[in-house]
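There are 4 protein chains.
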Amino acid sequence: MKRRSIRLAHMILATITMAGLPGGTGRADGVCTPSKFGAKDQVGNLNYVTPAKTLAASKLITKGKAYRLGIETNHNTPAYAPRTFNLMVVQPGQAQGVTIGPTKLTYNDDIINGWVGIGSQIDGLGHVGVDNVYYNCNKASEFAKVDGLTKLGIENVPAIATRAVVLDMAGYLGADPVKEGTAFNKAEIEGAMKKQGIKAIEKGDVVLFYTGWLKLIGKDDKRYGSVEPGVGVEGAKYLASLGVAAVGADTWAVEVLPGEKGAGAFEVHQILLATNGIYILENMNTEEMVKDKAWESFFTLGPSRITGAVQAIINPIAIK
Amino acid sequence: MKRRSIRLAHMILATITMAGLPGGTGRADGVCTPSKFGAKDQVGNLNYVTPAKTLAASKLITKGKAYRLGIETNHNTPAYAPRTFNLMVVQPGQAQGVTIGPTKLTYNDDIINGWVGIGSQIDGLGHVGVDNVYYNCNKASEFAKVDGLTKLGIENVPAIATRAVVLDMAGYLGADPVKEGTAFNKAEIEGAMKKQGIKAIEKGDVVLFYTGWLKLIGKDDKRYGSVEPGVGVEGAKYLASLGVAAVGADTWAVEVLPGEKGAGAFEVHQILLATNGIYILENMNTEEMVKDKAWESFFTLGPSRITGAVQAIINPIAIK
Amino acid sequence: MKRRSIRLAHMILATITMAGLPGGTGRADGVCTPSKFGAKDQVGNLNYVTPAKTLAASKLITKGKAYRLGIETNHNTPAYAPRTFNLMVVQPGQAQGVTIGPTKLTYNDDIINGWVGIGSQIDGLGHVGVDNVYYNCNKASEFAKVDGLTKLGIENVPAIATRAVVLDMAGYLGADPVKEGTAFNKAEIEGAMKKQGIKAIEKGDVVLFYTGWLKLIGKDDKRYGSVEPGVGVEGAKYLASLGVAAVGADTWAVEVLPGEKGAGAFEVHQILLATNGIYILENMNTEEMVKDKAWESFFTLGPSRITGAVQAIINPIAIK
Amino acid sequence: MKRRSIRLAHMILATITMAGLPGGTGRADGVCTPSKFGAKDQVGNLNYVTPAKTLAASKLITKGKAYRLGIETNHNTPAYAPRTFNLMVVQPGQAQGVTIGPTKLTYNDDIINGWVGIGSQIDGLGHVGVDNVYYNCNKASEFAKVDGLTKLGIENVPAIATRAVVLDMAGYLGADPVKEGTAFNKAEIEGAMKKQGIKAIEKGDVVLFYTGWLKLIGKDDKRYGSVEPGVGVEGAKYLASLGVAAVGADTWAVEVLPGEKGAGAFEVHQILLATNGIYILENMNTEEMVKDKAWESFFTLGPSRITGAVQAIINPIAIK
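If you read the sequences in order, they're chains A, B, C and D.
Numbers 6 to 325, taken from the numbering used here, label the letters of the first sequence in order.
Numbers 6 to 325, taken from the numbering used here, label the letters of the second sequence in order.
Numbers 6 to 325, taken from the numbering used here, label the letters of the third sequence in order.
Numbers 6 to 325, taken from the numbering used here, label the letters of the fourth sequence in order.
Think of the hints as simulated: they come from the structure by calculation, not from any bench.
Quick caveat, the model's predicted, so the values are computed rather than measured.
Beta carbons are placed, not taken as given, at the ideal position from N, Cα and C, and that holds for glycine.
Incorrect hints may appear among the rest.
Unchecked claim - In the SDA-like style, the derived pairs of lysine to any residue whose C-alpha atoms are separated by at most 20 Å in a straight line are:
(1) A:Lys70 / B:Lys208
(2) A:Lys144 / B:Leu65
(3) C:Lys156 / D:Asn81
(4) A:Lys64 / B:Leu65
(5) D:Lys64 / C:Glu301
(6) D:Lys70 / C:Leu60
(7) D:Lys58 / C:Lys156
(8) A:Lys150 / B:Glu292
(9) B:Lys150 / A:Glu185
(10) C:Lys296 / D:Lys70
(11) A:Lys70 / B:Lys298
(12) B:Lys200 / B:Lys298
(13) A:Lys150 / D:Val103
(14) B:Lys144 / D:Val103
(15) C:Lys58 / D:Ala299
Said to hold, decoys possible - Between beta-carbon pairs, the in silico distance windows are:
(16) B:Lys227 / A:Thr55: 34 to 42 Å
(17) D:Arg228 / B:Asp225: 55 to 63 Å
(18) B:Asp181 / A:Lys45: 26 to 34 Å
(19) C:Glu147 / A:Thr55: 39 to 47 Å
(20) A:Glu195 / D:Ala44: 56 to 64 Å
(21) D:Asp225 / A:Lys45: 35 to 43 Å
(22) C:Lys266 / A:Glu293: 49 to 57 Å
Full structure from sequences and hints, please.
In structure tokens:
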């Protein structure tokens, strides 16, 4: 069995870099956007997920059907280079089939050697910055330590229990999967909302785009991992203006690739994470929700609290 | 800063082994308990978490307050020997402070080198067996591969959204933390329920014991990691008779240590996981729930779906 | 760039297993060969490498030409499943291009996440056993701990400085590379020696077979890693009768694959390591030595002394 | 058993940084020392180890006694923060004590999760730089990739077989171990040489300082890992003027710590590696050589050829 590692991402970056004028729209170190939640804030737009918001969202549960949105993570999962993933299962103290004690205890244990950014994941606010400056004006030199972030680590993410809105872009655009390079901007977002009968995207919401892209995994990993449809620069700014807490998709980067003309490398990541404190949820499997037309649901997520981690491998639960 | 690794666990095992009569209550390979859910079942008592159960549990949300139950996992978290944990944060392609593209992209990425069983965790049904036979008569030789379990892996766990019952054993027993070696059996469980006004524990419930034990971390890691109060053998069988889906506690092993007289090594793990298909949730931080008397709540958990993993580092969300 | 991981080895094992009669030539636990060097010996035939042997071998240095025999180890190196290898280079404390102190110190550091048995390696005496019993009657249950061997670990290997004999099997057999499945037994070994003018293989020698097999790496990894020419069962016993300290080759397993009719799975490994205390040196690049007809040379090797390790990634130096 | 990780090193750096005037002796990016061996050279002073040099050095073998200079590397070995090391031993496909094939094959395999810079190690020329510029004017941004150095990687190190000179600084200074902070400069080096009857240090030599420092490991890891006697700035320049190929010691950093007044952070590393292409050999155990007065010997080393690695865990063999 071959590992389907995708190593084309650097190509994308190279292309973007050459296309753009270095420094063209970049901002100098120190010129950053202070958080609207105060100079010490590490939480970003999850501040909008208040008990009132949670309580209201819980009313969306009408059938009790729970969806797990995580895809599997393993050494075959297509991954952004040079990310790799390996799991090892061991039986400590049990070589030769030895058992322990009168009730013959035996056990398996497991070890991960892997990059966190593989499979379904949440990008924490320390993941992407602009010129080494991250969310709330935190400088890499001050918080990005080799054994863990000292600020903006994933352990700071509060309990997430809020409303999820699934936007069926495949249905709206009439293509499943949606073609790579298709940008979701204000027009597309509002168009899909209207088609689905969603009245509004509100503060603290989680917006999940469905594109059908995940079905490429195992069939065309190269295409899957090098391009994708996704959020455009204007779309990201529009979602930020609405105060969403997180933006996700059934793609590995959530944002459109190749990027729009004039866009920077992973500029949507910069807009959402660094400028606006909005989390990104990658490889969210919403296929069954789309089949069930579960457009609005109660969304819960508790990322594993690994101290100083940039990201987390996740499996959110959405309930209708 | 010193690593507080706790390596006393082997001592416990040795003590138990010597105390018991080898083979006394053990069962021969092949003598196992077939699952009540059929020969192919890999899910266990989470089968009881039906949409009806989920819907009913969701009605427990009355305030919208969401609790994150995970503690932090890092290289200082006390861990069962020889488990270790390390995280590394890197800036790929950015040596010398280089930025990428016109908008000066910079990013952090992270890598885990660590055992999964550290911090808050769910034990999957492939974690503990009796004489190399695991849940539903699965033999280690057939499914425990070094690069991942081929059955009973954590990726098979369905979406968890059900009722949680918190039992405040510290309050019931008048000691916070509860003394190590204190067993929670039928009498203690029913006593705490009565005191808290909980009428019943039902099929598909998650039962979480509060003992105050977590407050020892960082203060007395040796005591924390070598002994604990917890579920006894009779208590485990009682909970199994009620059809609970999972049993958790604010301790590293959930079960009482040192074990009760005549008990096998981690026999409660064997009873819950191997014999009854009941998941174990370790190091669940319910302190704030106890303060709020949030005895019954809506509990959600989606363990990261790492293919073939034995366990998962978790951070469940309970909502009141 | 794709990883060329070779996962055919299990197929080989399956084939062998089916072909043989289970238990046919196996030995029951406890029936083992005590070392001729005493019950406590962990060194095996390296006991034959005495100062006199080292001094004599050093006289083979006549030109001062030093050969490095190691091939490179990286994530593309074909490896026996499920072995994997990853290296990470980091710049601790230097995010954003920060330098340290008045002389602007900057530095790179590196981390290995990898199986030791990839690329050029020495198999220690704890690597392969017969029915869980290893060299000098050591039982796996007693020394094979999950965090390191407590006996037979690679840290016990003494300084190696002895005579190497290179046998050019490609030249002798007139095929470069030698065809897979070609067994090197007494006749072939003596034939090559005679052709090359090597009078004798002696106690404490390192014997290195050249087959041309390494040139398949990167060209036909599947063939490279699933089969090979190499030492046969009778050849292994013959070399053992001569008292060699180590046997190596420019192949990943040193022994012939598919195995000879009636041979067990990796039986040559069992004969050399477990029964006779002879080390195995895999993926030894002797191509340049063959070109130079450096048939006899001074061979030095100090495996990295990782406590409890089974193997070591090596790069021996042979000097002519 | 507690891990004796030494995390004081950052303190040292902080002290040095504060003592020095930032930028005082630093050099701007781009101002570097081109190699005397040409613009493409990646080998440094090992160019001086010619066949003639090797042949001459081999004549130093008069007794055939071989010394292994490596100390053990494991999770207890004191290490520069945040370096960590873990080894795992597994028995793939053998859960439940299963054996493979008719001859009942069983085997152990091992996996490293660890930083390379622990225990005995060679620092490659890509390890330390001045303001992100490394040996032969290589810029970090161009060769320091997260999955391996693309230049100056350890796989480029040629076979090392040359003369070693052991300088017994403990004997010369009358203190074993030599006190921390004691600098070895021209006077001390020549003094020790004279006392030992060593006529000259020559091009291509490996110079190994003995201080007795290793005996602190396991007894006073904090002292061992935070300070040490060692090479001073003038001494480093003097050794460079002699054309040595490598400088080693029985200490973790080879250079004096705390540094001399006015010295930069690890400035000796900068002088040897970056400016002069001289390798550094750390934690070289020469105790037995000193006992035997083996002042001049034949030194061989083949670092494991992990592609793109910065360093290697080593165990050189010196022969007298």
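Note whether the CB distance of Glu147 (chain C) and Thr55 (chain A) lies within 39 to 47 Å or breaks it.
Hint violated: Cβ distance 59 Å, outside 39 to 47 Å.
Tell me if the straight-line CA distance from Lys64 (chain A) to Leu65 (chain B) falls inside 20 Å.
holds (11 Å)
Holds or violated: are the alpha carbons of Lys150 (chain A) and Glu292 (chain B) at most 20 Å from each other?
Violated: Lys150 (chain A) and Glu292 (chain B) sit about 31 Å apart, past 20 Å.
Hey, Lys150 (chain B) versus Glu185 (chain A), does the alpha-carbon distance stay inside 20 Å?
violated (38 Å)
Starting from the hint 49 to 57 Å, judge whether the C-beta atoms of Lys266 (chain C) and Glu293 (chain A) obey it.
Distance hint for Lys266 (chain C), Glu293 (chain A) holds at roughly 54 Å.
Is it true that the CA of Lys70 (chain A) sits at most 20 Å from the CA of Lys208 (chain B)?
Given pair Lys70 (chain A), Lys208 (chain B) holds - Cα atoms ~17 Å apart, limit 20 Å.
For the pair we were handed, Lys296 (chain C) and Lys70 (chain D), check the Cα-Cα distance against 20 Å.
violated (31 Å)
With the threshold set at 20 Å, check whether the alpha-carbon distance from Lys144 (chain B) to Val103 (chain D) stays at or below it.
holds (11 Å)
Does Val103 (chain D) lie within 20 Å of Lys150 (chain A) when you go C-alpha to C-alpha?
Violated, at about 44 Å.
Tell me if the straight-line CA distance from Lys58 (chain D) to Lys156 (chain C) falls inside 20 Å.
violated (39 Å)
Taken at face value, is the distance from the CA of Ala299 (chain D) to the CA of Lys58 (chain C) at most 20 Å?
holds (19 Å)
Kindly confirm whether 55 to 63 Å is satisfied by the beta carbon distance between Arg228 (chain D) and Asp225 (chain B).
About 28 Å separates the Cβ atoms of Arg228 (chain D) and Asp225 (chain B), which means 55 to 63 Å is violated.
In summary, the structure is inconsistent with hints 2, 7, 8, 9, 10, 11, 13, 17, 19 from the numbered list given earlier, while agreeing with the others.
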